[in-house]
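**Student:** Sequence:
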Amino acid sequence: MANILDRIASETELTKSERKLASIILKNPAAVVNENIADLAKRACVSEPSVCRFCKRFGADGFPAFKLLLSSLVSSSDIKKVDGIKSGDSVSDVISKSIGKARSQLLNLERNIDESLISRVIDVISQSRRLIILALGLSEFIAKDIHSRMLQFGFVTEVYTDRMSQELAVATLHSSDVALVICSSGEHPDLINIVKSVKQNGAVSVVLTSDETKFKDDASLVVSVTDKISPDDESYFDNRVSLLMLSQIIVSGVSLRRALAVNANKDKLLSARKKNYNTSEKTDVVEEKVETNSKSETQSPITSIDWSPY
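Counting from 1, one number per residue, gives the positions in the sequence shown under this note's numbering.
Treat the hints with care, as some may be off.
For lysine-lysine, the following BS3-like pairs were computed, each having C-alpha atoms within a straight-line distance of at most 30 Å [as the list claims (entries may be wrong)]: (1) 144 x 42; (2) 27 x 56; (3) 27 x 42; (4) 56 x 86.
Beta-carbon label-pair distances, calculated as ranges [stated by the list, open to error]: (5) 172 x 127: 13 to 21 Å; (6) 62 x 30: 17 to 25 Å; (7) 127 x 10: 45 to 53 Å; (8) 3 x 175: 24 to 32 Å; (9) 129 x 252: 17 to 25 Å; (10) 138 x 72: 15 to 23 Å; (11) 201 x 28: 48 to 56 Å.
Hints were generated in silico from the structure; no laboratory data involved.
No experiment lies behind these values; they were computed from the predicted model shown.
The beta carbon of each residue, even a glycine, is placed where N, CA and C say it ideally should be.
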């Protein structure tokens, strides 16, 4: 099936407004990916409803869906850097730029993520006897978010966000335990030393970071994102978007890998969630058939394992 750009280019029965939109989109699809509907309509000198009708004509429910179709065809090198928020921006500008930057970061993560490495991380965490999550400073909320979501699936984890507690927790790790370390800067000296301690104790360390060079000699597995933090721009936001999505991918994979444990406790977990959210709606819990041959191939379904450390 032809992609959306080919279909637009080959369409001969377009209205005057649609021809204007087609010309702009075909000339620079990457720019459209980073625009809101008002920006595109203004550049094409057409109305916003005309843009919506154009999107629906080519199979998209609306402009956001249309941009998703375009983004799959645009290489990361073609996507322009979204301008930062500056004095004089309107509310519309702030919304567009903030969402545009997030979209750009997620597309970049999707294109550069190492699927085989993520598969190994999911397996290691899924088979751990004990999981501790370690972070300092601005990365603490990511660690606490992972901890909270793991509890939602019934996995007993520990989170430590101060140096003394981290040292004490690492001192009691064994070979079947895993330390998940989040370092947004990629070079926090205390976390680098913590990873060295994990290695000395014979445990496994998984590091989520923006720069693997400081950890690669001592960490068991390093998953890095491309967003290096700089004090001169808004890279803190970019970095958090990527690391949060990376953590979501890992937690979701672990929930599938450990589906038997999830199912075993689903009634208790559902009851606990109802108390907090005061809802009577049923919560979907992952159900996965156990396969006898558990492979870590990235294109294979994630299979459940019957794992209990006790």
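**Student:** Is the hinted pair residue 144 and residue 42 satisfied, with a Cα-Cα distance of at most 30 Å?
**Tutor:** 43 Å, violated
**Student:** Under the criterion that the straight-line Cα-Cα distance not exceed 30 Å, is the pair residue 56, residue 86 satisfied?
**Tutor:** Given pair residue 56, residue 86 is violated - Cα atoms ~33 Å apart, limit 30 Å.
**Student:** With respect to the beta-carbon atoms only, verify the hint that residue 138 and residue 72 lie 15 to 23 Å apart.
**Tutor:** 32 Å, violated
**Student:** Between residue 172 and residue 127, does the beta-carbon spacing fit 13 to 21 Å?
**Tutor:** Distance hint for residue 172, residue 127 holds at roughly 19 Å.
**Student:** Against the range 45 to 53 Å, how does the distance between the Cβ atoms of residue 127 and residue 10 compare: consistent or not?
**Tutor:** 51 Å, holds
**Student:** With a cut-off of 30 Å on the C-alpha distance, tell me whether residue 27 and residue 42 pass.
**Tutor:** Holds, at roughly 16 Å.
**Student:** Does the Cβ pair residue 129, residue 252 satisfy 17 to 25 Å?
**Tutor:** Holds, at about 22 Å.
**Student:** Starting from the hint 24 to 32 Å, judge whether the C-beta atoms of residue 3 and residue 175 obey it.
**Tutor:** 49 Å, violated
**Student:** Does the Cβ-Cβ separation between residue 201 and residue 28 fall within 48 to 56 Å?
**Tutor:** Since the Cβ atoms of residue 201 and residue 28 sit about 54 Å apart, the hinted range of 48 to 56 Å holds.
**Student:** Are residue 27 and residue 56 close enough, with their CA atoms no more than 30 Å apart?
**Tutor:** Distance of about 20 Å is within 30 Å: holds.
**Student:** Starting from the range 17 to 25 Å, see whether the pair residue 62 and residue 30 falls in it by beta-carbon distance.
**Tutor:** 20 Å, holds
Comparing the model with each earlier hint shows violations of hints 1, 4, 8, 10; every other hint is respected.
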